[in-house]
Amino acid sequence: MASGYSAKEEDGHHSGALGPAGGAAVRSRKPDNTAFKQQRLPAWQPILTAGTVLPAFFIIGLLFIPIGIGLYVTSNNIRELQIDYTGTESSSPCFACSQNYSWNMTTPCVCSVSFSLDQPFESNVFMYYGLSNFYQNHRRYVKSRDDSQLNGNLNSLKEPSKECEPYRTNDGKPIAPCGAIANSLFNDTLALYYNDPNGTETQIQLVKRGIAWWTDKHVKFRNPVGDDSNLTAIFQGTAKPVNWQKPVYELDSDPENNGFINEDLIVWMRTAALPTFRKLYRIIEKNSSTSPTLPRGNYTLKITYNYPVRSFEGRKRMILSTISWMGGKNPFLGIAYITVGSICFFLGVVLLIIHHKYGSRSSSADLTH
Amino acid sequence: MGSQMSLFGLHCLKGKEKEEERRIRANNREYNQLHKYATNAIKTSKYNMFSFLPLNLFEQFQRIANAYFLFLLILQVIPAISSLSWFTTVVPLVLVLAVSAAKDGSDDINRHKSDRQVNNRKVKVLLNGELRTEKWMDVQVGDIIKLENNHFVTADLLLLSSSEPLNLVYIETAELDGETNLKVRQALTITGDMGHNLEMLSAFDGELRCEPPNNRLDRFTGTLMFQGQKFSLDNEKVLLRGCTLRNTEWCFGLVIFAGPETKLMQNSGRTTFKRTSIDRMMNALVLCIFVFLVFMCTVLAIGNSIWEQQQGDFTTFLPRQDGVNAAFSGFLTFWSYVIILNTVVPISLYVSVEIIRLGNSFYIDWDRKMYYARSDTPAVARTTTLNEELGQIKYIFSDKTGTLTQNIMTFNKCSINGKCYGDVFDYSGQRLEMTEETEKVDFSYNPLADPKFSFHDHSLVEAVKLENPEVHAFFRLLALCHTAMAEEKTEGELLYQAQSPDEGALVTAARNFGFVFRSRTPETISIVEMGIQRNYELLTILDFNNVRKRMSVIVRSPEGKLSLYCKGADTVVYERLHPSCSKLMEVTTEHLSEFAGDGLRTLALAYKDLDESYFESWRQRHHEASTALDDREDKLDELYEEIEKNMLLLGATGIEDKLQDGVSHTIEQLSRADIKIWVLTGDKQETAENIGYSCNLLREEMSEVFTVAGTSPEEVRQELRTARIKMKPETGEGNVTIEGEGEILGKKSKLVQDEAVNGEYGLVINGHSLAYALDKTMELELLRTACMCKTVICCRVTPLQKAQVVELVKKYKRAVTLAIGDGANDVSMIKAAHIGVGISGQEGMQAVLSSDYSFAQFRYLQRLLLVHGRWSYLRMCKFLCYFFYKNFTFTFVHFWYAFFCGFSAQTVYDEWFITLYNLVYTALPVLGMSLFDQDVNDRWSFQYPQLYVPGQLNMYFSKTIFAKCVLHSGYSSLVVFFIPYAAMYNTVRDNGKDVADYQSFALLAQTCLLIAVCIQLGLDMAYWTAVNQFFVWGSLAVYFAITFAIYSNGIFLIFTSSFPFIGVARNTLNQANVWLTILLTTILCVLPVVAYRFLLMQLRPTINDKVRFKVRQTKASPPPPPRRARIRRTSSRRSGYAFSHAQGYGDLVTSRRFLRRAPVSRSTAFSPTARSPGKFLPTGRSAGYSPTGRQSNLRQDETSLQMYRAVKDPQI
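Keeping their order, the protein sequence lines are chains A and B.
All residue numbers for the first sequence refer to this note's numbering, where the first residue is 1 and numbers rise by one.
All residue numbers for the second sequence refer to this note's numbering, where the first residue is 10001 and numbers rise by one.
In short, the hints are calculated from the structure, not lab data.
One or more of the hints may lead you astray.
What the hints assert, rightly or not - Taking lysine-lysine pairs in the DSS-like style, the calculated list, with each CA pair at most 25 angstroms apart, reads: (1) K30(A) with K10369(B); (2) K10776(B) with K10831(B); (3) K10959(B) with K10810(B); (4) K10274(B) with K10810(B); (5) K10103(B) with K37(A); (6) K10790(B) with K10810(B); (7) K10274(B) with K10959(B); (8) K357(A) with K11110(B); (9) K10645(B) with K10726(B); (10) K37(A) with K10369(B); (11) K302(A) with K246(A); (12) K10583(B) with K10645(B).
As the list claims (entries may be wrong) - Where chain A lies over chain B, by a calculated footprint (3+ residues, C-beta under 8 angstroms): (13) 10136-10144; (14) 10984-10990; (15) 10997-11009; (16) 11013-11025; (17) 11069-11077; (18) 11080-11088; (19) 11091-11098.
What the hints assert, rightly or not - According to the in silico footprint, chain B covers these stretches of chain A (three or more CB under 8 angstroms from chain B): (20) 42-54; (21) 279-288; (22) 315-329.
Using N, Cα and C, we set each Cβ at its ideal position, and we do this for glycine too.
Model the full structure from these sequences, guided by the hints.
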């Protein structure tokens, strides 16, 4: 009968007196009384109440808007100049170069683009080359490399990975560095000249070291080490990538920037995530604390035009940019933060109104037993 | 198990053509071996040391999921297609296979052990004229073996001879059919005569021809040729493997079938595999997902073709592979994307689901509140794959006896000569509630009293001691008028075997009050009246039947006085009383109503003194009538009517059919959870109805309780229709129309919708009416009417009908059914229902063995459903939602990225992240949620059973929910891809170097994803235990740890080509704008969800929200549920004659059959039914009744006789 059953027993605190006859000898099959087995583990049980949700919305709103403003202002303070020198338009100075392109050109085609800066670039200026519609993130492109080889492994140098096909061997000789990425190394040369108002043209010093990640330069990329410290000897028996004009050991005269550890190569080998990307080319260091790095005035960009992008409608740009604590110029984050913050705040208000109007429904008043 | 059995069977058949007939020559191994019959060694194990790996792998790859992943693996090694490294599939696959293999292996080791144990049992085999002890596995067909008492039968044997008279042996067949009563087998006389003579036995050269091995337990046909004669053999001469020899010193048998060919092994086939509705839905969803996957891949493949066409000149830098044009490239891309996007159906889904179910099953095993101390029985989840279905039960089909009731009758009250006994009053005259503490009557004056019997009213004992003649007559009647038998093994230790527990209770009551029924012979009954032994001559028993509803005995007292004692249903007895009792009748009627109001079963008692000469003439006529050839029944009835009149009323008894503890409370809770309870019982209608009232199923407040007891199809149809129209007049006379049509996986199934009615109704339907109603033409009418009622009680139901009723509901209602029962007769419905629950702790494990869950008490059902079931369902649904969410989000990002990488099947994330995402980074948090989550704790679950309702309506996981889930993941993946995209577009690090490179972007996207899904998990999780905290934070920590580790210098230098992401973590995660992006992404992922959920809670709070809100307000455990006062019914009389026994026992006790064999001492661990060998097999549950016995809990499963009575004998 209903009243007859005792809650005490249900709770499992029943005395063992009623157990089976041989109680002491037979181990009881009574389950252990642990919080885990009885599902009584202490727990935090958060629920979405007006008291937690609404303040959260307001706090997020109040937090995001200032962050967004800060980001936006920072981004806006960054100076950036982009010059597209693809040369597909006939008016472009590089039109001629872009038209008669061939990989194996013996005489480089040089074109110059003039531009002027309305405002000076105060701090260090970073010079990038940008490519568009260039699918460096294509699956077959991304994997077409041999990290072992680039890491200086001698076996891989002689016997590159199959991933490098079809740029694995040339005339029976292993290609170093192998693969499609290396083969398509960006090979335009950019030089920047400041046109003094007095008519002289001074070349601006471009620093080519320190443009790659430290880990890439010192860990990921290494020159093979042989009996001879001479790179030429080590790379003996390998072929240069088909599109290259010089072998890898002649990329630079500086031995610390030659071979696989050439920073232009390293930067290129770090493939971009998106088809439009920019890569650090050179750094223009600030010389003195008084004068700006790039004062206002006219400049000339001289391009040794080597790199073909016309066939797949790619674009080439040269970008000069200063940076801030949040990197390059990108207003998106700032705008996004301001938007999200405002929406949060607005939602908070709407929810507050709704809560005041209908909130009583969630109370348990109408719960029946 | 079934499969290897069949495998084994095949194996056996291979050697020879299919056996047509079995020929065996006793003691002739050479001859028998020609036929290559199986030996007695059994093998249930699947593997051995060498076959394990190949066989197990072969089996595992038969599972569709594993095969699918193998297929993916093959795709991945094709270089043109491979978009992911092989390890992204191999690692999870190997892990899954290893876990399954380990489980299968350990199972198989256990089977090996048990096989070895069984095969190495010892048995005595007659070889070369002497008995040798051999292992079971060495026994061969045609051997003669000797079995001893309590031995298991080694193989299927032809019984040759036994130690017992008439060559009988007694066997227990519990392992075979769950019936614990003894059965008798008898050997042929010709073989029985050989006895224990070893010479004759070894010279026995009989030739046996019989049927080939089969699985029919109840049939055997064969012939024995011996000494030129032919003897036919049937089931009565065969001992089957799995039985146990009882009460028989020894017997000899000839092995007919051995090992795998025995009927037991042939029967151990595959049990039907139950799947939950979530399972079925999951399969449907996985199919949809596959279609969706193909769709996505097609879109991307087309995209790739177009891209290749338009950007074809990118070949300057990236030449195509040989012979690949744009279209072919699209084709290859299709397969590449199949590999990448396969994570929409991750392999870990199935593994995780199994783990969750297993965990939730363990909770059931571990639950102390479902542990029954008295029989030391914990609850057991025998099936570990059905848990979430426990949270969706809509219909419960319950057995009555042993499930709702304890099958213990207690003598609770009586009315003697107009005075009511049994209640206890306090000083102020208030009736006291009986509790354990209420003082009991001291029966110590009576040395023969049953110590288990308790009674609380002292005045009755006083009356007995004062030698009140009516009281004495009352108890004398109870001691004489019955068909029980007494067993007295040692002096003063009496054991009654009554045909119904009611009768046992009455005889026991008389015993305790000093009228001890001690023994009977066919002609006498000896009782001890207040310490003095008196022998009554038993002249006639006017036996019970269903029409008479009474039984009487005519006895001659030692003084020579002739009396008729009668007990029966009050209505029947009242009609036959002497007019002088009218005053007494009135008072007694009042008492009867009161008893009935308390839910007691009542009987009226009357007696009459007989005149010697009249009796002689009556007896003469009785003799003639009982030997008459025609109309015997009618003539006897007439004679009975004649003598059973003008009786004097003695009083009435009230017997309580004890309910199991907590039954009515449980039923009330379950009905508050909107679960419908149907009682399906083999009992009589009155009994069933009575129990219905006492356990709250039927209530006085109900608008009406319909009874369907028609005896023709038309009558039944009319009754059902009338009931339906009364409940809902607008449904009209018309035939049932099918209101809805559902579609499950293309299979159209008719569905009958629930119909709402005003008021609560009950339906009681009789067994033979049910037989008509279950007919195809009427089943819809039945279902419709029954489903309108709150309670349905089916009585006199056969096991088959029980299953039919369950099937009916399963067929037309999209509802989950549960069947609960304890006996062999419940097996069919337990197997038929979605979930079968067996009440364990009783004897006869048949119900438990075929059940999915078992526990000792009906009341635990409440906890199983309202707590475990609800939690399991909630957890499973949350798991599925979240799991699909996290994987879709993960996968869709690839889809968006495809538009920016030339549809080249480039992954967004690092391959290692893809490998570890499901296995390591998100596995434990979601498992933690699905193992620990609870919306409210168990006490609140009981407080608000309504919380159970969403489960029945499939509200937590359905196609709509799934669709929402997909949309949600679509949104999240957009955020996770495009926010990092926009934030990183053309940007650089704070030192001007690269940050928008592929590797940094991958790291950023995967970090955003992981944090977003972790926070989403946090939103879903309602119950944060320390373990959950550990899992969530631990997983995030592990993610960063692993990321930094595999992007470190050291690992790059060791495995250069496998870990190309060197330095990415260091260089990226120290950027402020990276972290700002991560923050923005997660906030954008989470905010809309929070707002939406908050809005829903405000505008349309669910019951869960309300209860959780209330819990929050109370901040403390709820007060214990109010003690429910016992529901007293002030009703009209309901209980009539409540004997649950059958007619025919009068003949039995007066015949000599049951005395064929003197009782011998036997093992005590054994059922008392053993004491009635021969043809006297006490039927029904009653047989085990022995309140005095050592085994108070002992009860019998129904035997076949009672089970099928309703079919054979519909007029009862």
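Going through the hints against the structure:
With a CA separation close to 10 angstroms, the supplied pair K30(A) and K10369(B) stays within the 25 angstroms bound. Taken as a hint, the K10776(B) and K10831(B) pair is honoured in the structure, with Cα atoms around 21 angstroms apart against an allowance of 25 angstroms. Taking the CA atoms of K10959(B) and K10810(B), the gap is near 21 angstroms; set against the 25 angstroms cutoff, the hint holds. The suggested pairing of K10274(B) with K10810(B) holds, with an alpha-carbon distance near 13 angstroms, which does not exceed 25 angstroms.
Straight-line distance between C-alpha atoms of K10103(B) and K37(A) comes to about 22 angstroms, which keeps the hinted pair within the 25 angstroms bound. A C-alpha spacing of about 18 angstroms is found between K10790(B) and K10810(B), which places the hinted pair at or below 25 angstroms, so the restraint holds. Between K10274(B) and K10959(B) the alpha-carbon distance is near 22 angstroms, which keeps this suggested pair within the 25 angstroms criterion. Distance hint between K357(A) and K11110(B) is fulfilled; the C-alpha atoms sit about 20 angstroms from each other, no more than 25 angstroms.
Note on K10645(B) and K10726(B): the hinted pairing is violated, with a Cα-Cα distance of about 42 angstroms set against a maximum of 25 angstroms. Annotation: proposed proximity of K37(A) to K10369(B) holds, straight-line Cα distance about 11 angstroms (limit 25 angstroms). As the CA atoms of K302(A) and K246(A) are separated by approximately 21 angstroms, the hinted pair is consistent with the 25 angstroms bound. Straight-line distance between C-alpha atoms of K10583(B) and K10645(B) comes to about 17 angstroms, which keeps the hinted pair within the 25 angstroms bound.
Counting residues of the stretch 10136-10144 of chain B whose CB falls under 8 angstroms from any CB of chain A gives 0; the rule of at least 3 is not met. Under the rule that three or more residues need a Cβ within less than 8 angstroms of chain A, the assignment of the stretch 10984-10990 of chain B holds, with 7 such residues. Only when three residues or more bring their CB closer than 8 angstroms to a CB of chain A does the claim for the stretch 10997-11009 of chain B stand; here the count is 6, and the claim holds. Coverage of the stretch 11013-11025 of chain B by chain A holds. Counting CB-CB distances below 8 angstroms, 4 residues qualify, and the rule asks for three or more.
Beta-carbon proximity to chain A at under 8 angstroms applies to 5 residues in the stretch 11069-11077 of chain B; the threshold of 3 is reached and the given coverage holds. Here the stretch 11080-11088 of chain B counts 4 residues with a CB under 8 angstroms from a CB of chain A, which clears the bar of 3, and the coverage holds. Against chain A, the stretch 11091-11098 of chain B contributes 6 residues with a C-beta closer than 8 angstroms to a partner C-beta. That satisfies the three-residue criterion, and the hint holds. A count of 10 residues in the stretch 42-54 of chain A with a Cβ less than 8 angstroms from any Cβ of chain B is obtained; the coverage claim is therefore met, three being the minimum.
With 3 residues having a beta carbon nearer than 8 angstroms to a beta carbon of chain B, the stretch 279-288 of chain A meets the requirement of three or more and the stated coverage holds. With 8 residues having a beta carbon nearer than 8 angstroms to a beta carbon of chain B, the stretch 315-329 of chain A meets the requirement of three or more and the stated coverage holds.
The structure shown violates the earlier hints numbered 9 and 13.
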